[in-house]
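Colleague: This is what each chain is made of:
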Amino acid sequence: AQRVTQPEKLLSVFKGAPVELKCNYSYSGSPELFWYVQYSRQRLQLLLRHISRESIKGFTADLNKGETSFHLKKPFAQEEDSAMYYCALFSGGYNKLIFGAGTRLAVHP
Amino acid sequence: DTEVTQTPKHLVMGMTNKKSLKCEQHMGHRAMYWYKQKAKKPPELMFVYSYEKLSINESVPSRFSPECPNSSLLNLHLHALQPEDSALYLCASAKSGEETQYFGPGTRLLVL
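Taken in sequence, the protein lines are chains A and B. FYI, the working numbering numbers position 85 of the first sequence as 85, with every residue one higher than the one before it. FYI, the working numbering numbers position 92 of the second sequence as 92, with every residue one higher than the one before it.
Source of the hints: derived by calculation from the structure; they are not laboratory data. Source: prediction; values computed, not measured. There's no promise every hint is true.
[Said to hold, decoys possible] Pairs of lysine-lysine residues, derived as DSS-like cross-links and limited to a Cα-Cα distance of at most 25 Å, are as follows:
#1 B:Lys18 with B:Lys38
#2 A:Lys22 with A:Lys9
#3 A:Lys22 with A:Lys96
#4 B:Lys40 with A:Lys96
#5 B:Lys40 with A:Lys57
#6 A:Lys57 with A:Lys15
#7 A:Lys96 with B:Lys22
#8 B:Lys41 with A:Lys9
#9 B:Lys95 with B:Lys53
#10 A:Lys96 with B:Lys95
#11 A:Lys9 with B:Lys22
#12 A:Lys9 with A:Lys73
#13 B:Lys38 with A:Lys22
#14 A:Lys15 with B:Lys40
#15 A:Lys96 with B:Lys41
#16 A:Lys57 with B:Lys41
#17 B:Lys38 with A:Lys96
#18 A:Lys22 with B:Lys41
#19 B:Lys41 with A:Lys73
#20 B:Lys40 with A:Lys73
#21 B:Lys22 with B:Lys41
#22 B:Lys38 with B:Lys19
#23 A:Lys57 with A:Lys9
#24 B:Lys40 with A:Lys22
#25 B:Lys9 with B:Lys40
#26 A:Lys9 with B:Lys19
#27 A:Lys96 with B:Lys53
[Claimed, not checked] Covered stretches of chain B (in silico footprint by chain A; criterion: 3 or more residues with CB under 8 Å from a CB of chain A, positions within the stretch not fixed):
#28 10–18
#29 45–59
#30 64–76
Think of the CB as a built atom: it goes at the ideal place given N, C-alpha and C, for glycine as much as any other residue.
Model the full structure from these sequences, guided by the hints.
Modeller: Following this line, the structure appears as C-alpha cells:
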C-alpha cells in the first residue's frame, strides 16, 4: 500500500531550538516526495521537493531510502515557522499526491 | 501570472441551492485538481483534469460536478449539498502529473 506517515500531530519547541518533523513513506517505486506548508490563513505552498535538494527558509530534507524516510529539519526554529506541515508522496501508479496527516509546528518565544 | 486564483473566497448555500466554484491559472499548466480540506486535516483529492479531460474521479458524489472549459479554467458545480460538505475547497495546478502542484487560496463553503 502507498502511504505517508507523519507520526506527530503537534510538535512544540522554543525559538532557537532544532526542529525535526518526521515523515515515513511506503512506496514500491522510486519516490517523488514533497513537503508542503500551510501558514495560518494562507494557501498551501511547496516548501521542499526532494529532487531539488534546495534549502528553503533554512529547512532541509534528505531522502533515506533505507529507512523510507524524508524528515524535515531546521537547526534553529523561528516563531514565523509556526504552521501546519504536510509530507506528500506522488504516486505514479495512481497519478496523484498522497498526503500525510500533517504535523502542526508551534514555535514559542 | 504565477498564482492560482479561486472565487469566491467564501460561500454560504442552502441544501437546495445550485452554485459554482471557479479556479483559474495562467501558468500554462495542463493538470488541474480539486481537493476538499476539512479543518486540521490534509487535502483530500476529488478530481483530476489532465489536458482538459477528467482523468481521476475519487468516487465523489454526483452532487459535485467538475468542468474544465479550457486549459486555464476549472469549475466545480455544486447542487443539493449536505451540511457535511462544508469545507475548504482547494484548486491546484501542475505542469504535469508528477510535477509540483500549486494551490489556490481556497473557497470556504458552508452548507446550511
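Colleague: Next step is simple, just say for each hint if it's right about the structure.
Modeller: The hints, checked one at a time:
1. B:Lys18 with B:Lys38: Holds, at roughly 21 Å.
2. A:Lys22 with A:Lys9: At roughly 10 Å apart (the allowed maximum being 25 Å), A:Lys9 and A:Lys22 satisfy the hint.
3. A:Lys22 with A:Lys96: holds (21 Å)
4. B:Lys40 with A:Lys96: Measuring from Cα to Cα gives roughly 21 Å; hence the hint holds.
5. B:Lys40 with A:Lys57: Distance of about 23 Å is within 25 Å: holds.
6. A:Lys57 with A:Lys15: At roughly 15 Å apart (the allowed maximum being 25 Å), A:Lys15 and A:Lys57 satisfy the hint.
7. A:Lys96 with B:Lys22: holds (21 Å)
8. B:Lys41 with A:Lys9: Roughly 10 Å separates the two Cα atoms, so the pair holds.
9. B:Lys95 with B:Lys53: holds (15 Å)
10. A:Lys96 with B:Lys95: holds (13 Å)
11. A:Lys9 with B:Lys22: violated (32 Å)
12. A:Lys9 with A:Lys73: holds (16 Å)
13. B:Lys38 with A:Lys22: holds (22 Å)
14. A:Lys15 with B:Lys40: holds (23 Å)
15. A:Lys96 with B:Lys41: Between A:Lys96 and B:Lys41 the Cα gap is close to 17 Å, so the pair holds against 25 Å.
16. A:Lys57 with B:Lys41: holds (24 Å)
17. B:Lys38 with A:Lys96: Roughly 19 Å separates the two Cα atoms, so the pair holds.
18. A:Lys22 with B:Lys41: Status holds; Cα separation ~17 Å.
19. B:Lys41 with A:Lys73: holds (22 Å)
20. B:Lys40 with A:Lys73: Between B:Lys40 and A:Lys73 the Cα gap is close to 22 Å, so the pair holds against 25 Å.
21. B:Lys22 with B:Lys41: Given that 25 Å is the threshold and the Cα spacing comes to 23 Å, the pair holds.
22. B:Lys38 with B:Lys19: Holds, because 20 Å separates the two Cα atoms, which is no more than 25 Å.
23. A:Lys57 with A:Lys9: holds (22 Å)
24. B:Lys40 with A:Lys22: It holds: about 18 Å lies between the C-alpha atoms, which stays within 25 Å.
25. B:Lys9 with B:Lys40: holds (19 Å)
26. A:Lys9 with B:Lys19: Not OK: A:Lys9 and B:Lys19 at ~35 Å, beyond 25 Å, violated.
27. A:Lys96 with B:Lys53: The hint holds at about 15 Å.
28. 10–18: Per the Cβ count (0), the hint is violated.
29. 45–59: holds (count 5)
30. 64–76: Coverage by chain A is violated here, the residue count being 0 at a Cβ distance below 8 Å.
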